[in-house]
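Undergrad: The primary structure of each chain is shown beneath.
2 protein chains.
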Amino acid sequence: MSAFSALLQNSRRRLLYNLFSRHCSRCISTPSSSSLEINVDLSHPTYMVWGSNTGVGKTLVSTGLAASVLSSAASSNPAKFFYIKPVQTGFPADSDSRFVYRKFSEIFLRRRGQASSVASNHALKASALAAKELLGAGSEDEKLERSEDGLKNLCWYEEMRMRGEETQVVGSELVCKTIYGWKEAISPHLAAEREGTVIQDLNLLESLQRCMWLGVDDGSNGRKEGIWSLIETAGGVASPGPSGTLQCDLYRPFRLPAILVGDGRLGGISGTISAYESLKLRGYDIVAVIFDDHGLINEVPLLSYLRHRVPVLVLPPVPQDQSDNLMEWFDESQSIFGSLKEMMLSAYLERLQRLQNMPKKARDNFWWPFTQHKLVPEEIVTVIDSRCGENFAVHKVQNADIITQQFDACASWWTQGPDTTLQIELARDMGYAAARFGHVMFPENVYEPALLCAELLLEGVGKGWASRAFFSDNGSTAIEIALKMAFRKFSHDHGILLDSVTGNLVERSLVFKVLALSGSYHGDTLGAMEAQAPSSYTGFLQQPWYTGRGLFLDPPTVFICNGSWNISLPEVLQSKSLKLENMIFNSCEELFNGSRESSDLARSYSTYITQQLCLFLGSEDHIGALIIEPVIHAAGGMHMVDPLFQRMLVKECRNRKIPVIFDEVFTGFWRLGAESAAELLGCTPDIACYAKLMTGGVIPLAATLATEAIFDAFKGDSKLMALLHGHSYSAHAMGCTAATKAIRWFKDPQTNSNIIARGRRLRELWDAKLVHQISLHPAVQRVVTLGTLFALELCAEGHDAGYGSLYASSLVRMLREDGVYLRPLGNVIYLMCGPCTSPQICSQLISKLHRRLNEFSQANA
Amino acid sequence: MSAFSALLQNSRRRLLYNLFSRHCSRCISTPSSSSLEINVDLSHPTYMVWGSNTGVGKTLVSTGLAASVLSSAASSNPAKFFYIKPVQTGFPADSDSRFVYRKFSEIFLRRRGQASSVASNHALKASALAAKELLGAGSEDEKLERSEDGLKNLCWYEEMRMRGEETQVVGSELVCKTIYGWKEAISPHLAAEREGTVIQDLNLLESLQRCMWLGVDDGSNGRKEGIWSLIETAGGVASPGPSGTLQCDLYRPFRLPAILVGDGRLGGISGTISAYESLKLRGYDIVAVIFDDHGLINEVPLLSYLRHRVPVLVLPPVPQDQSDNLMEWFDESQSIFGSLKEMMLSAYLERLQRLQNMPKKARDNFWWPFTQHKLVPEEIVTVIDSRCGENFAVHKVQNADIITQQFDACASWWTQGPDTTLQIELARDMGYAAARFGHVMFPENVYEPALLCAELLLEGVGKGWASRAFFSDNGSTAIEIALKMAFRKFSHDHGILLDSVTGNLVERSLVFKVLALSGSYHGDTLGAMEAQAPSSYTGFLQQPWYTGRGLFLDPPTVFICNGSWNISLPEVLQSKSLKLENMIFNSCEELFNGSRESSDLARSYSTYITQQLCLFLGSEDHIGALIIEPVIHAAGGMHMVDPLFQRMLVKECRNRKIPVIFDEVFTGFWRLGAESAAELLGCTPDIACYAKLMTGGVIPLAATLATEAIFDAFKGDSKLMALLHGHSYSAHAMGCTAATKAIRWFKDPQTNSNIIARGRRLRELWDAKLVHQISLHPAVQRVVTLGTLFALELCAEGHDAGYGSLYASSLVRMLREDGVYLRPLGNVIYLMCGPCTSPQICSQLISKLHRRLNEFSQANA
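If you're matching them up, the sequences are chains A and B in order. Counting with the numbering used here, you get residues 213 to 1073 for the letters of the first sequence. Counting with the numbering used here, you get residues 213 to 1073 for the letters of the second sequence.
The hints are simulated quantities; they were obtained by calculation from the structure and are not laboratory data. Some hints here could point you the wrong way.
Given that identical chains are not distinguished, each listed pair holds provided it fits within a single copy or across any two copies.
To be verified - For lysine to any residue, the following SDA-like pairs were computed, each having C-alpha atoms within a straight-line distance of at most 25 Å:
| hint | residue 1 | residue 2 |
| --- | --- | --- |
| 1 | K572 | A921 |
| 2 | K931 | E1029 |
| 3 | K572 | L668 |
| 4 | K931 | M1026 |
| 5 | K675 | R566 |
| 6 | K788 | D576 |
| 7 | K436 | H256 |
| 8 | K927 | S748 |
Just chain A, with the same shape it has in the complex:
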């Protein structure tokens, strides 16, 4: 490339250690935290250039775009183009940023317009080998500081000022940057490994993020006209980055809109389509496909595949002669790049406008569940652009529009579990299941995903008791099914006679009720509601058909208060004879200890339950089922029920042949630190319901598991004896596929590093010391932590307490500003992570909460 330099009349090449080092310290520093807050600037078009293969001309496209943007600039209308090459191998002999820098300069000088222009090329970090190659051997090399990731901080810089026809005023500026360079011209993961400088993904992302903001963020508000950023990837879409992570996965947290440089050669249609699909399978939006012509008319099948929804642009054939300076090619391509630029600009503007208008449109079209629309003004509507693992990417207007990150601490109504890797694998599996099966009829049929899922459920949460899986769509339907199962079994066991034709009672009127706990919640359909005690959800205003068909007992609850676990007994159970040492515990484990069954408290529980059942049994009504949420009453306010009480309940019902239903819709699949809450309780049900986290949180699916004895109560010679309940998408293939993947993922120590105790438990996720401190906070009434759940109740009285309360709103708002998306349950707030979330992230969450609690209580003082 030395023939080149003749052209660069105004070039000034510098090695500005001091000047640039300061620069660098702002733009690149090693991140110390295990997490990175992602912020994407929407003040101007920012795109990522992907290639369907290596050598398809990504850098030519970058150059053409830069020239197109900058050449239309005038001194009255200045433009600035940032070109970033995060990962460069073969460096410095190969340098795409230098290529863009040089070619742009050549093009500028050839086309020379009114305004002047500045171009620069920066190289930030490189392996020792590449640094040596760039800077020459000797003392210079020794001077270079080595950053923590083992790379050399280069601070290498070259610049060229180019005069326009008539003015000295700079109309346009090109800033090219190579962030990381390795010497060998091989895949980055290999080069990094061989040159002893493997860098972590988070470090790379942080460097890239700083680079993207640097020079753009001038503190001004609104859209920055004339500024463009372009990030060029290395190799193909799924080529590994320096750590080995595929680039399409590596850059996913930014989810920048994409330009795909396709392949115009023979076989290039296939490669281009497959690359497009790999990007789609990571949730990227592709704004245009572009490739150079090889006379094969590849654009026709591509457009047909894309159904003309994504533009396909064809560049003139790139001269194969190495000595060609490409100036004529760039001239010929000028209008194509001009079109590409326009498409990119309008896609950017459309996206921005859509994001800005979404809150209004949402308020005009949606009817949100559990939401008083009058209390949701436009400005508090959250626009979710995407999710990546546990984090939402949220649109916000601060100074300018940005996409920022919020941890989904409500786990999207307790459904979420995937980390970023699981999310991507689930996405691929969802595509596969939809392509292989779509949905197929379940009854009397069998297909792989349904069978695998049933097998896994029965070997997992159902192990040791369940032998049948009945599928439905959500927790509420799973509960209705469970009730039907239980009642039939009860009728069967208690000799209740039914007419085989009408299905009606032969003898007399008789009413089935359930035994349940006050404060438990089993869903929103009528049958599920009937099994819960009267509450805000069940009044005539909400459900005129609700009657409350149950015997509802007040349960004792447990929680952390002032640093230790306490039991709170309902009035009816309070007695002076109970010893205090039975009522305070040092750890949660003690609460689950089986030895408690021989305590005074256990006897007291047992007596109480027996009394209540006896009182009830005098009437015409029968208790046809026990239904409980094991351990935690979730929607009821994240109350932890004394597990001993639930154990005694199960025991007493077993003695009376009352079928036992566990509602594990919330508690199942590691939500509470074990695969099932039944395992924590240490007793098994006859029927149990699962949903939410079962599919890893991507798709609705529910299952009701039952013992063979329950199943047998439905066998008979007539179809009318069968359980005549079912939903259209019973055991749908995608749901079962997701469940299979998620259940295995959560359970496997290879994919879930939180798994301990020979696969039986999650390690402690919430920092014990911090939890202790929070429990001492004067604004805090009680704390509960178990598995992935951290909950606290704020001290509140009167209208400030209960489900309808808005007391926690200000705290919630502050935490959302801290990047924590939570939703209160009245004056109860909770943080919920996934089974794979690292304890570090959990600690960050409760630290933020702790800090904000002080502010909150001061404001409320």
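With chain A's structure known, arrange chain B on it following the hints.
TA: For chain B alone, coordinates are given in the frame of chain A:
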């Protein structure tokens, strides 16, 4: 390649026109029907070889495999290897089948074992240009018959017999076939176009299917040890086939297990992963990835990506020297191909075993909905291996194991709509939505798929009346939500006072009931059940909590009988004053005619409804809502209600300020030939429920639409006034994405060729003459056809009639043998296609039904 021939000592090259022509007439004929029955032979391993790009060595892998399979054969253990190249361009100069044939012969002669061997190479069809090139110009060319698809039938054939060391007995046989050849060495779609011989996908698939069966199907039973088939694709996975259809889509109906030949070069990791993903996105199973080494250790990131679940094999570097005969390379690769063969064999055996065991496992683990397990022995369990558009691919054991095709005529509980193209696009969209969003919290938030879906619903089925979309998971929950909406509105409009804290009635006890029609069905959860009249589903045996909270009217029904549409009035409506001409119609359209509102019948309907409402209103109960399934009572037995009656019902309720609910769960989205059944009825509801077909049939999602007036009844200053109902996956991104895609697809004449009447209707799908004939059949009580629905009731009495009846079982079994999967509703059977299904296919279905009806009635005579 002439240097080659020296080696081929035993070669006999023939042009056996007469002999082979007969052969051909069996193996390749032009299909006349518009559909093809797919049958995949599982008697032996059959694989498809795909390439991640062109020129990655698919044919080398095919050759190596052939050699590996055949070289282990002995005379005691003969083997036969079929190699098929369906599409060859650059032919005959390039011929992969000839390459395999020749290289195998060379390898055989080099390794020469005990047994002898026969190898042959066939070329079946070619473009005129390619044929001329192969056979030489002149008279021969003229003799060649031109097949209907414009190609020449070649019947070109070469054969070589190779002697083993000790015996004359043939131990192994290689049969290589090229089905279609084009001369130009370009993409098949271009070559076919340029050489004037574009062939249809169905013709190609039929040719391939014949080829796959020919020589294999010897009438023997069970597994055919020693036989292998390998089909090699052209170019990359998504390279277009001759018609332009991408090959991964083209061959999808067979869904053969795949071997992916990856790319070991720089950038090859990306291309290999993307190709893998494109195959997964079509539902293919990839058994192994193999590629040749370029020193880049590409297998490490590939294995990491695949999490070691799919084996990756690395071949020695392929010599780049064109003169190399590759014999040493094949020697070096021998053990790799041996391993590949073993993996393929064991994957084949595992699949076979799994398929065979599935019915038993299903019976052991599943609890099917609406199924009396005692009536489902193992042998009637259907094993569904996949679906492709409207067809199931079903495992059957006839002589040997096969995968055969059944039209999903129950539309998998009325959910299905996609054709094969929509299914593939939906799969890609599902992957994208899962990757971009997974699932995110809905209330107070907005994200693109939910907003787009809500907008489309309100502009489509809700056009002109609805302004709010409330999402849930299935029809049943959508109904429960609708009822809550209606009751609140009714309270609001009728001044029913409620306590603002408890939500309970202030004044007196009061009961809300619904006005509904006998025989309608709204779902299986308690609230939905309460809104339907007593039936087999509602007795104490099934739902002890059911009380039937409705005023249920018997509706007049309409149906085709003896060739014309008739009205059947319930007893209470029968009157001598009604004129017969009001009761018989020549066409279904007449029934929907608005002018009927001024008829005697309309007045009679109106009077009856008014009387019933007046009688009821004397009590403490209020009619808080009207709920109807517009036009068709689906689960109730596919009864069509006189639309005039439903119109009068709506009118009377409007007059009394009773909110009107349409249950369009079954009827919505073109099921009945219009986007909504409300459109057919010609009147709009206040609330309507949608599910099933809404997502195109891939994923559960439901919506309850409402007017702004309904929505306003929930506004207030307290959260407790809001509609406190919601399911965890409310408005989940995948469901909304699928709905958006499907709704647009069904509506767009570009994607749905059935759309007529300026987008308002589907054309008639069921052949009128055949329907007429069937309605005359003595075994048939009544017929209903509307939109995608064809239903008939078999004449039956006593136990043979009704939901519990097994009367139709034998007819259902016969039709399943004919490749039509249907499920009866007692003595009612129905066929249901998708909105895009061609009328030709629908006619085939009812023809088959018509034929089997004769057999059925003879057997029952």
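Undergrad: Identify every previously stated hint that the structure contradicts and give their numbers, smallest first.
TA: Hint 6 contradicted; others consistent.
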